[in-house]
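S.K.: Here the protein sequences come in this chain order: Z and G. Under numbering that gives the first Met the number 0, think of the first position of the first sequence as 0, with each following residue one higher. Under numbering that gives the first Met the number 0, think of the first position of the second sequence as 0, with each following residue one higher.
Calculated directly from the structure, the hints in this document are not laboratory data. Since we're looking at a predicted model, the values are computed, not measured. Think of the CB as a built atom: it goes at the ideal place given N, C-alpha and C, for glycine as much as any other residue. Be careful, since some hints might not be right.
[To be verified] Below, computed lysine-lysine pairings styled on DSS-like, alpha-carbon distance capped at 30 Å:
1) Z:K537 <-> G:K42
2) Z:K584 <-> G:K110
3) Z:K225 <-> Z:K537
4) Z:K462 <-> G:K160
5) G:K187 <-> G:K335
6) Z:K30 <-> Z:K567
7) G:K42 <-> Z:K539
[Unchecked claim] Partial list, computed: chain G residues near chain Z (C-beta under 8 Å):
8) A96
9) T285
10) G286
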Amino acid sequence: MSTVDIDIQSAADAHGHDDHHDHHEQGFFEKYVFSLDHKVIAKQFLITGILWAFIGGLLSAIFRVQLAFPDADLTFMKPLLGDWIDAQGKMDTEFYLAAVTMHGTIMVFFVLTAGLSGTFSNFLIPLQIGARDMASGFMNMLSYWFFFLAGVIMLISLFISTGPASGGWVIYPPLSALPQAMSGSGLGMTLWLTSMAFFIVSTLLGGINYITTVINLRTEGLSFSKLPLTIWAFFLTAVIGLLSFPVLLSAALLLIFDRSFGTSFYLSQIYIGGEALPNVGGSPLLFQHLFWFLGHPEVYIVLLPALGITSEIISTNARKPIFGYRAMIGSMIGIGFLSFIVWAHHMFVSGMNPFLGSVFMFLTLIIAVPSAVKTFNYLTTLWRGNLVFTPAMLFSIGLVSLFISGGVTGIVLGNSAIDIQLHDTYFVVAHFHLVMGSASFFGMMAGVYHWFPKMFGRMMNEKLGYVHFWFTFIGVYMVFFPMHYIGIAGFPRRYYSFTNFDAFSTFTDLQIVISVAAFITLAAQFIFAFNFFFSIFKGKLAPLNPWRSNTLEWTTPRLPGHGNWPGKIPTVYRWPYDYSKPGSKEDFIPQHIPFSQTPESNTDMENELGKLEEEEKKDLGKSSESH
Amino acid sequence: MAALLLISGVVFLVAILALIYRIFTLVSIAKGSTKQRVSSSNKINAILFPVLFVVGFGAIFIYSGIASENFLPAAASAHGSETDFLFWLTMAIIGVAFFATHLLLFWFPFKYQFKESRSAYFQPHNDTLEIIWTVVPAVVMTGLVLSGWMVWTDITSPAPKESVAIEIMGKQFNWEVRYSGKDGELGKHNFRKIDGTNSMGIDFRDPKSIDDFIARDIHLPKGQPVLLKIRARDVLHSVFMPHFRVKMDAVPGMPTQFWFTPIKTTAEMREELSKDPAWQKIDPDTGEPRYKNFNYELACTEVCGSGHFAMRKVIIVDEPADFNKWYNEQDSWASKNKDYLSSIGINLDLADNQ
Ligand code: HEM
Ligand SMILES: [Cu+2]
Ligand SMILES: [Cu+2]
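Only chain G is shown next, with the shape it has when bound in the complex (with noise of 0.2 Å):
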């Protein structure tokens, strides 16, 4: 039933085209004895040109604004700040131009549009203007690159040696987060000691892997380098931490690594969004205004599978203290899972006397 109705709404859409198409041809015949060259529709389309552009650029001027209420707020890394001025500022270039080509490109069709009495102006080429149009992009580009390249370098150079090392694991489909426990060092993993338990494949004959411990959020404290030492068990994820500004492949059989400083504690964030009018409105989930649950966030961008769009995890910015009495509280996973650990043959009490 519902095939036929839609074969014959397609047979009536056809039917309907074929009819305003003869209509079409037919009164071009009969216009066409009058010799003109262009059709009355020339001047509908040359018309149409600039109106585009007042309603289209009016659109996204106005639209812009409302927009931006849902972007990011501010970055809560420090790079992060430069590199959002950097790309406000290749914005504003960019947007200059767009505006000021589409000004030129959506009025000469109006302006220029076909006269009989008048014929176009034979110009091949102006090599000032040619010369101009060449140096002058490639100008503004030496511009972007090396301010980018400058900052970029910055974000990629080492990570300072006092750095908070964190290992972060991407699997299908979630992330595993590791603490170096209280001798501040990760212990070794190996791909081949995971299993159903031991999902991060850590290798427990390392003395240094006994005391690190797996959280559930991901904790980092205000003001200190971070160090984001990423791995992917199975495929490819990626690190995204759209508040920070940070991203990073996960790559099985290559360790990759990014470093960052958080700037601003969850509370703080919080205390922040309070005074945006956006983040004042009432989450109809909680009841309460959106500002009190703000909370960072991890998600994954590379394509991994079926569970790809739900790899999230909270991080929570502390200050350095809270972080401290967090990180002290936290029970290494080895005490935790003291049978595990004997039936893959280790001693936890012989170890912890190491």
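With the rest of the complex left out, here is chain Z (with noise of 0.2 Å):
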């Protein structure tokens, strides 16, 4: 496996000498704590966000037990969960929606966010750009510290004696506005509001730096149509992001206006505790509107990055140039667009008006068609390719079936006339399960796996990989696909327990089976976290371009330094898909490499290109003999 590719590592060092380094030796501080450097950067994003994917597992495990066995005595919980668990053994219901919100909370906003977009945009955006960093690695570090203060706050909301806040990721209020309404919209939601504020802060400095960077530090000849489409997928999640976080900052801002300073935009005529609160005026749903404005962006937010990534591992591994690069960028530019005009499919029987549904039903089911795009030209790639099953690979593979698995209810609930029966049931948590919670986590899986090489300069266990992925592809359909069933069946979302409906008595046997299915698939997440931290220090070194891929990153040292190239920055001449090209020897065509050194693979089209590079080099090498 350890064939170095002599002619790339030798076009990238022809450049010898080193015109950027200022060789000053770094504190630890500077290196590994406070850095500007945005692969340092990514790293951290990274390890912040496999930790707090395994708090929000371990959330998800604890409510999984209730629902498995709800007459059981948790009395083993205890040590863990302290009064939460009364002296018969009986999980506190409130504690139990608490779970749900923290849970759903960290997964969407601190694993599949920042853990996701914040480790992949840091680390790829000037690697494949060919840049020395990104635009501001002030901005980019304020970015990660301003999250890693969101994560205090939440953690320590975790801990606090009136419990974190309990309404739901959504916290809708007045429930959320109204600490007498339940235990966790009291400091709980205070807390849960700060670290929301702090992290939107966070997602702007971040995503303000990934759209500049993309726009203005692209390396020579690397145009927007030889991007590689995980920069796209990078770069339009943060301008998704860049339209859309605002608004949840003004939703929480008029919340905490409302539980702080007694305005009344959410709340009116509102009877609780015994007394008639002064408010009137206000409109739940307008909160609604504005917490779904980004909420529905989100989802793509989440999603966007996975699928850039996963383009890019799959032509890498398939051999094979990524079907419709073209189509794949409109779709994406599309559902980018179409996601902001979709946002009250949440809301069908909010109350709002009908009208409004039937339009909303309209805009939402023209985005399936973008997507259904991206699943047929994910299958073209695949087919006649020449496959290298690579753990990444197997996860991207596992991020189609996902995607398609969990896009396609999507159809069922974006029909409103539907959607009356379905909403708030476990169909929609099946739904967003599969399409974002294990899509994207499949996508950030894909990449740890592809880019661990280029992170940490070794490779991690091929092997532990493939036994990773098969219990956790296994694992997420066992856990998420029999929620189907029991969403048909009715049964509401956020309930701790069934048993005082009898038509939702049904189906113990079934909330055993998938919560058992979800701590196997837990478990199998430690083989994981075995496997990158040990490889971090133990794995075998890696080779410069270990999945012969085209673009820039792996033309970089093994382990790049500050400044990513020690020479120049290469220039790019071609588009990252020149896989498999007919008449070349090698089954991939680096960006880097000019037309001119190809004439056995060009078109026509390409030897004109070559000629012209000929001549431009020509031209350059007599400007800079004048200088």
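With the hints as a guide, dock the two chains, each given alone in a separate frame, to form the complex.
M.R.: Structure below.
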């Protein structure tokens, strides 16, 4: 496996001298803590994201125990949960909701927004566009530390005596506005809002940076039409985030006013805790509109990077150009745009005007079209490929599967007439866990396995990767697929137990199956954790281009230092997907190889381009001599 | 002690994993000399996809049959049959798409697994194909949207004039249901009038309120449109009547509504279910077949606090004659709470004469 591609290597090394580095030694803090280097910041995001994923996973394990064994004595959890388990060994009902809420918040925002975008946008944007670093290293560092601060606050909220926020990750008021309504709406909610405010700042700082960097710092020759799909995805994600997160911030701000300063944005005609509140004129629906104006784009903020990552990985490991590069970009732009005008499909039965419901049903079902296009393009890329199953490739194929199985049920839910019955049932839980939770999670895993060699200069163990993949893939299907059945049977979500209702007293066995599958799937993640942390120190040394890939990051040294390329930044001549090009000796031609060097595989037009390159080089040579 | 056990367990596990890791690494180094681009694992992974396809779809196929025993009975409302039809139609379409795409997705890995001798087909795009698979989903979507839209507009159209109007109020953590009494009109309400006794905040200054009654169970007449006037007193709740395919949020400060027509009485539903083997099973709690005690239920589907999962109310659908009988037997809330009314300065006997 250690075949180093000499000629590729030399192309980068040819520009021998080091025109960039000001070799000064950095202290520990500068290097690993308050680092300005995008690669270190990416690793900070990744490792923080992984830790949060385990916390979020642990919470799901806790409430899955409750759902599978509603009558069991849970005293054994007392060491962990303390007073949340009462003397009879029953879980506190508000704690159940708190666990669900924290699980959702952590997974959506901390793991799959910060952990995914934060890691891979930071790591890959400069490396794949040929930049020394992000446009603003300082803002980038701030972005991580705001995220860190948000995390600390959220973590603290888990340990306060009144419990963390408990009204669901969507924190609908009035429930979230009134401490009288549930104990989690007191200090816990305050901390949630504070934490999210910092989180939004972090996202915005990161997003501005990603956008600026992609627009301004692309290396010579790298036009938008030659960008890897990863970069397109990160770019569009950042744009979506920049447009939608501020809306969440204002929604949160108005909620803070209602909670603390007696305003009535969301509150009206409420009688609670034995008294009528003075608030009149507000509307809980206003919050829902504002929330989902972010909330729906958020789904794509989580998903698009995963789609970008897997497009890249599938093309590389199918040894075949991504099918329909332009259609892929087009559909991502389409999805990005449409994601802003479908939000009210979460509100079909919220009491909003039914006419609005019709409009949003139309818009929602349109979004299925670009999604379908993406799926077919993935499939066609695999068709007649020469598939190498690295763990990253397996997770990418897994993503396509999950994207399909979760995506198709979106067509059901997007139909307002059908959604009357399914809204807020487990059918929804199944849908979004497959399409957004699992698919994005698989994209993240694929990315980690694929770029680990570039991040840490070592290889992760493949075999453990395979075991991890198959456990996880089968596991998530065992967990989330059966939830469709439970949803069709009408089981509402966020229910502590179902025994009160005749209609929902069935499926007790299936609940146990789901929970056991969830425990096993979670346990399998420790295989990954071990592989990840152990390989950082003990993994095999990575070859320069282990996956024989075309993109620029593989032209850097094994462990790129500050500034990424020791010499001149390579120039880009071609798109990133020249895999198995007819005529070419190797089954890949990296982006920085000029057409003039590959006459055997060029099309006529490319031969022309090759000639132009030669001429330009001559011109350049002349002008640099005259300096 | 437990902690010690836990820690030593974890240490043990990590040690084992480290050992496996070493072995894998050594084996791969030993094999590495044979200059192969992919290891033998490639073949195993390639085979596992079609295997999973067969096992997975087999399981889905078999289990769907078993699971359907536990699905809700056929819709008990007029519009419910339509939405159910749309649901299963859509499920069939996406089921086909799901199956077909997975057939390819799980077969290609096997068929096109890496071979040194072969090279991939260089195919950057194919415009015809792409147009086809943009247009086909677009057409299918249009069909689904249009049929969904027609049903949705019907359901959300204004309630017929002859509807029986019922007020449902959600509060932490139960539902209160008010009927309009003999005059057929619900009296006003005001959240400032709520107190320990008058939990719905009925405004008894409005003469229409005097004959309103509050019922323990929800009774509905079969075959007659029913209009639910929905409100909430404290936080969001959501009225969910799964058997009728009815759902609508209850929003403080913003009344909402939903109208529908029940088409099967509770007795008829029990009769129908008695033919279903799944419902003939003996319920261990009552010692009787399950269908005998079947009841329509009302649940809450918007998280509203600690008791969210327990906001149950029984719904009983009667033949119109039985419904009217029941309706006329109910005493008005005012007549049952004369003391309360006089305490707020209303003399019921006078009001009756109005
Ligand atoms: C082993 C992994 C997981 C399991 C077993 C699991 C299970 C569940 C279940 C059963 C619920 C519903 C609980 C209820 O409604 O009472 C839930 C809620 C949720 N999960 Fe997960 N989940 C997992 C991973 C994830 C991931 C990766 C995401 C990321 C998107 C995620 C996001 C959410 C969200 C947003 C909610 C809704 C929270 C709310 O209602 O406020 N979950 N999860
Ligand atoms: Cu949405
Ligand atoms: Cu509720």
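S.K.: None of the hints should be skipped; say for each whether it holds.
M.R.: Hints, one by one, checked against the model:
no.	hint	result
1	Z:K537 <-> G:K42	holds, 27 Å
2	Z:K584 <-> G:K110	holds, 24 Å
3	Z:K225 <-> Z:K537	violated, 36 Å
4	Z:K462 <-> G:K160	violated, 69 Å
5	G:K187 <-> G:K335	holds, 19 Å
6	Z:K30 <-> Z:K567	holds, 23 Å
7	G:K42 <-> Z:K539	holds, 23 Å
8	A96	holds, 6 Å
9	T285	violated, 11 Å
10	G286	violated, 16 Å
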